[in-house]
Amino acid sequence: MVELLFEDIFTLTRLDPDGKKFDKVSRIEARSEQFDMYMQLDVNTEIYPLHVGDKFTMVLTPTLSLDGTPDSGYFTQGGRKSLADKFEYVMHGKLYKISEEASGGPNVKVEIYASFGGLLMMLKGDPSNAAQFELDQRLFLLMRKV
Amino acid sequence: MAPREEKLRCTKEPYIEDVGPQRIKSILFSTFSGEEIKKLAEVQVWNNRIYGVDLRPVENGLLDPKMGAANKTGVCATCHGNFTECPGHFGYLKLTLPVFNVGFFNSILNVMKCICKACARILLLENDRRTFLKKMRNPKADIFMKNALMKKIRDKCKISICPRCGSRNGVVKKARSSFAIAHDFSRSVDDSIEVVRAALSHIKAKSSFQIVHILSPVTVLSLFKRMVDEDCELLNLYDRPEKLIVTTIAVPPVAVRPSVFVDFGKSSNEDSITTILKNIINTNSILREDLEGAAPPFKCLDCWAHLQIQVVEYINSEAPSVPDSKHRGLIQRLKGKQGRFRGNLSGKRVEFTGRTVISPDPNLKITEVAIPVLMAKKLTYPERVSAYNIEKLRQRICNGPDKYPGANFILLADGTKQHLRYVDKKTAASELKYGYIVERHLEDGDVVLFNRQPSLHRMSIMCHRARIMPWRTLRFNESVCNPYNADFDGDEMNLHVPQTEEARTEALMLMGVQNNLCTPKNGEILVASTQDFLTSSFLITRKDTFYDRAAFSLMCSYMGDAMDPIDLPSPVIIKPIELWTGKQLFSVLIRPNAHTKVFLNLMVKEKIYTKSETMCPSDGYVYFRNSELISGQLGKATLGNGNKDGLFSVLLRDYNSHAAASCMNRLAKLSARWIGNHGFSIGIDDVQPGEHLNQQKKKKIDEGYRECHELISLYGKGKLTLQPGCNAAQTLELKITGVLNQIRAIAGNVCMNELHWRNSPLIMSQCGSKGSPINISQMVSCVGQQSVGGRRAPNGFIDRTLPHFPINSKTPAAKGFVANSFYTGLTATEFFFHTMGGREGLVDTAVKTAETGYMSRRLMKGLEDLSIYYDQTVRNASGGIVQFLYGDDGMDPAKMEGKDGIPLNMDQLFMKIMATCPPREHDMLSPTEALRIMDHRLAKYDMSPEGGCSAAFKKLLSDFIHKRVSALENMRKSLKLDEINIGRKDSTVLENVAAKISGISSKQLEVFLETCISRYHSKKVEAGGAIGAIGAQSIGEPGTQMTLKTFHFAGVASMNVTLGVPRIKEIINASKNISTPIVTATLLNGRDVLSARVVKSCIEKTVLGEVAKALKIVLKSSRPYIVVKLDMDLIEALHMRVSAESVCHSILNHPKIKLKSEHINTIGSDKLKIYPPEADRRKLQFEMHSLKAMLPKVIVKGIPTVERAVINETNGVYNLLVEGTNLLAVMGTPGIDASKTRSNHVIEVQRTLGIEAARQCIINEIQYTMRGHGMSIDTRHMMLLADLMTYKGEVLGITRFGISKMKESVLMLASFEKTAEHLFNASYGGRDDQIEGVSECIIMGIPMQLGTGILKVRQRYIYKST
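Protein chains in written order, with my numbering: chain A, 2 to 147; chain B, 4 to 1365.
Hints are computed from structural coordinates only; laboratory data are not their basis.
Careful: at least some of the hints might be erroneous.
Heads up, simulated EDC-like pairs for lysine to aspartate or glutamate below, C-alpha to C-alpha not over 20 Å straight-line [claimed, not checked]: (1) B:K614 x A:E112; (2) A:K25 x B:D547; (3) A:K125 x B:D1091; (4) B:K600 x A:D137; (5) A:K87 x B:E581; (6) B:K428 x B:E394; (7) B:K976 x A:D127; (8) B:K614 x A:D19; (9) A:K82 x B:E581; (10) A:K110 x B:E972; (11) B:K701 x B:E833; (12) A:K95 x B:D570; (13) A:K22 x B:D962; (14) A:K98 x B:E616; (15) A:K21 x B:D1169; (16) B:K1006 x A:E30; (17) B:K97 x B:E62; (18) B:K614 x A:D137; (19) B:K614 x A:E30; (20) B:K976 x A:E112; (21) B:K976 x A:D37; (22) A:K95 x B:D547; (23) A:K98 x B:E972; (24) A:K95 x B:E581; (25) B:K966 x A:E102; (26) B:K608 x A:E135; (27) A:K21 x B:E757; (28) B:K1196 x B:E1109.
Some residues of chain B that are not near chain A, with every Cβ distance over 12 Å (derived) [as the list claims (entries may be wrong)]: (29) V46; (30) I146; (31) F182; (32) V221; (33) D232; (34) E321; (35) A431; (36) P574; (37) M618; (38) G741; (39) L993; (40) H1020.
Beta carbons are placed, not taken as given, at the ideal position from N, Cα and C, and that holds for glycine.
Please construct the entire structure, taking both the sequences and the accompanying hints into account.
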């Protein structure tokens, strides 16, 4: 069985915090229920519209295959069964940075950055959630509204 | 040269020594005597007729065939060579009476001043003569010392009575009326003159009596002949002085003064020289007849004078004694831009060149240039036939000269040349043998040089590969526009084809485009994407550009003509539909497939960047990680020219020029095709402001106008708070200008925010391809204030700009504020003001080009021969050391990666190492371990000064590591981790996370250090590098871009400093008087305003009139006087420390008021009584008034040369800006920190602080000026210039005076300026030109000793044992 790096249900709190800059892409701000993670994510809202207050499950995984074989990076032909089948919106990208939060409070939070071909994700939360992530890791982001 | 049968036939061939290849080692300049000229000449010229009746040149005439072949059909009567073989021979023309040579006239005069006019010995006492002779013979004395010594001797030779023969000597000077030497006794006569005068008084009472002899050339010649050799030596004469006087004229060969037949041979057009010589022959023969016959003496003298004038004209037709000559004399042939030196010797016309209009072609590689077929058929390359190319060349020969891949000539083994138009091509092809040379047409891949004038820097001529294409223009990739500064509005460019393999390789290696991507000016990349490439990249990498599989694959194939293998990345959005983003396209562009081993890592902030790094909401933070575009919309900062950490720079530094070039090629193709499909244009709707924008603009302009009106009314009431160092009017101007500029800036910002992102001008401005926010705002909202000479529009009418406005109006509209936009249209007055500003710009560019051109030329002449030697020193051509280590660290400015000429950009390099070598599990270093590894590495040999590493770099590296380590420590501290636990297998989750955040493994650190150090060592400047020329270009080229903005506020408003070309000129000329001298004085107590005021009042010039309350004349019967009452309140308020005592002292010291201490009485501390000196009663009143008028101007306090001083505040610290000179006095003022006080006057700094301070001052000032125009130039260039200007021990300007003190070579100086003067002086002093410098070598056609010419191969010669 595939090992998921992260899974949680988020609630969309804000859309485009700095104003709408792009026609087809919006930046969403969301908070998770289980780990109390804060997330900023660029989503192609043209093909997957989202609104403030929407709740969705988000999963981060290194591969889409159900048996956990690592992703080859190449296109697989034929509609093989995959993790993506259960989700509505799937992106593929790369983890490029892990850093600690700039403001040094008592509870230091860790920020995880990933880029899906320019659509960026920033996931902020407790350091313990970051342990499984690796730099330069290939990531799949899967979303499904609940 | 002579035909074989005419040669003298000997039974044995005469022995001719085989001297082998010869090389001109030096040129000695000297003079010829009449006899020598006669010996050198082949024929005496005396006949004044040129052609006989048979239209043949007359014997002993000016075109005598013995002086060489006159035209292509002629044969030389001396050597029997034809026009091409015979270089020509001299003739001679004997003058009846000697005449002066204009060129030597001053030298003759000087010699005459120094010798006795009776016995021809030097007018020096024996002792002086001996000492001077000893000094003159000092072998260490160079030319400059000898010249100075000669001047000294000349000053000493003022004895009126010759110490040897006792005869009387007068003053020798140039006769006022004509071209002659006058010997004037009027000064050196004793009382005998009175006797004479008395005796003559009855004859002519009125005429002034003068005793002047005219020294004729004959007397001078006879005196010169009697001069002793030792005396000649004293006067630095190389040869006998009589040679300075013309007795025989050498008639130049016919070849240099061609005679042209006109009117079908009926008459001929003679050269100026021939004409003048003909006149001389005429006058000469008349003079001889007059002398032989018994003509009256005055007629002979007249004739002689006439001859003299004609000989002067022959040498210098522009001499003042020659009235409006129509001919060109010998000097005129040599001097000037078109003259022999600059026009024919320093630069020559060449073959195998082409020139035509240029046009762009993004499909070409950046290293290529498209050459029209028409041109390719004329330009040929001589290719030697070998086994590898014989078939190809046969084919070319068969095609012949008219069919494109053909050939024009064949050079056979015996050296004969066959034109392929006139031989049978088939047979020629079949008879082709190895070793023949075929001059074939240019083909694809041939090496050509490409150039655009003005060639301001070395990148103006670069080497490209040819691509033969149809049509008629030369084409190249737009990325290469920048180095040539070319656009396609009708520009033409030149093409040269190197003709040998050596030339080709050298061109390719040194001048190839791919080897000149960076400018040596500051190491910034110059060949980079421009204009449309930037626009399309910007649009492609927008966050919301998505492509489906078909579109994405198509675009991938755009960039390599679908010929390159490409690994398609997996799509970003997999579900609901597969979509790729534009950013992925760039990842493909950088690294198309897995075989391309390019891992690009860089971070750049684009223009649109706002905040929070990669998460920037407007996507302005460009981050490439291992050749993958993580974030950011690409623009000029990443892809454009003029930066050091852009994409292409990083590719070039981290990989090689090929990686950068191929990336540029791909980008050019992709973006040209993409934008062709996408479309990008501009229309009227792009500049139409929206409703909101209009409202905003109106609001802002109304606000601004109101503010201005308030200011004006305040000014009218005189209630304006003054700015430091300004009067009310200036303050008003400053404030209004500030408000109005604010309006435009705000209008611009509103524009940028309000316009839709699809707006074409907005896109272009954001990505940096063209236009600025100001340009957009001018089109859309408001044109803004028009300025003329840095101020608002001046008053063209009485107290107003235009008659449309009331007198003295200072409102924005009346002083040239244009509230309209180009879209709404300008009103008549606005339009007029706009043209005023526009005209200033045009005039400025026109004037600046000429000025900077001359400046560049001078810089080049000054610095041309400086180069790096193998011992890393910078020397000039004669081996004199200018710098011990180039730029103090021996680094090549072209290779510098960091800002301000720092060798490496360590942040970028560190990031690359961290990204490209990922750490293995659990081998992270603790902070202390990291430091230990670094210290160990830095202790090695190649990091020591002996190993060629500067201390600065070592410190840079260790500082960087320390910074990293402390960052690591801080991070660990905030995660509450301790030191010891690092790198263990059993580490906690937190430890793992910490390692991922900013851990560094030992391998990574090692690789980083190793890369830094090896790269540092590879950046050393190479031996032979012509860094002088590069430095000159690097300073000269930016000069052309410095337009307008001649003034700039130095900290305080109202204190201007000159900037721009005028300032650069001042510095380079080492001007004694500069237009805005400013001393920046640091105060000992910088935090206290009061003390600053006290010091200021000590420095600033205060006159008595300013501090006096009253200045009255008191008339009393006893003795009238003037009362001066000082305004003690004012003096106290300004902390001036002026009292009656000090005023009294100042008055006494005033140079014009001649009073003595008894004339002034001080009464108390604030009152003075001044009595005029005893004088005539009648004049007393007058005297009193003149004294009263003078008194207010007496300086009572401060430095007289200081105009004013202004207190300047920068974050709480006060300093003084002193306008004026006298650095020494400012430094000596109490309260001033002398060690931190600086001046911008180079010469003054040299006088007060010495030569090293002057050097630093030159560097700082050039840097400051360049920075004022936003131009960065590597400091090494300025150091070199400053060192050249100061290395002789005094500050020498790069002017004709300075350069002639720096260089010894006559040819170089002659090719610079004052050609004739230098040549005549050289032959007077017998100068020897060693032909070492660049100019001399070019003139003589010898390879110069710079660059590749520095290296000399010496071969051991094996003597044959015979």
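Problem set entry | Hint consistency between K428 (chain B) and E394 (chain B) [alpha-carbon to alpha-carbon, up to 20 Å] | 14 Å, holds
Exercise. Straight-line Cα separation of K125 (chain A) and D1091 (chain B) no greater than 20 Å?
Worked result: 50 Å, violated
Exercise. For the pair supplied as a hint, K608 (chain B) and E135 (chain A), is the alpha-carbon distance within the 20 Å limit?
Worked result: Distance ~26 Å between K608 (chain B) and E135 (chain A) Cα, so the pair is violated.
Exercise. Since V46 (chain B) was said not to touch the interface, does its Cβ keep a gap of more than 12 Å from each Cβ of chain A?
Worked result: 87 Å, holds
Exercise. Are all beta-carbon distances from F182 (chain B) to chain A longer than 12 Å?
Worked result: 83 Å, holds
Exercise. Going straight from one Cα to the other, do K25 (chain A) and D547 (chain B) come out at no more than 20 Å?
Worked result: 5 Å, holds
Exercise. Beyond 12 Å from chain A, beta-carbon-wise, is D232 (chain B)?
Worked result: Given a closest Cβ separation of 87 Å, the condition holds.
Exercise. Under the criterion that the straight-line Cα-Cα distance not exceed 20 Å, is the pair K976 (chain B), E112 (chain A) satisfied?
Worked result: 17 Å, holds
For this session: Take the C-alpha atoms of K21 (chain A) and E757 (chain B), compute the straight-line distance between them, and say whether it is at most 20 Å.
Result: Since the Cα atoms of K21 (chain A) and E757 (chain B) sit roughly 13 Å apart, the hinted pair holds (cutoff 20 Å).
Exercise. Given the hint that K97 (chain B) pairs with E62 (chain B), does the C-alpha gap stay at or below 20 Å?
Worked result: 16 Å, holds
Problem set entry | Given pair status - E112 (chain A), K614 (chain B), alpha carbons within 20 Å | Holds, because 16 Å separates the two Cα atoms, which is no more than 20 Å.
For this session: Check the non-interface label on M618 (chain B): least C-beta distance to chain A beyond 12 Å or not.
Result: The claim breaks: M618 (chain B) does not keep its Cβ more than 12 Å from every Cβ of chain A (closest is about 6 Å).
Consistency note: the structure conflicts with the earlier hints numbered 3, 13, 15, 16, 18, 21, 26, 36, 37, 39.
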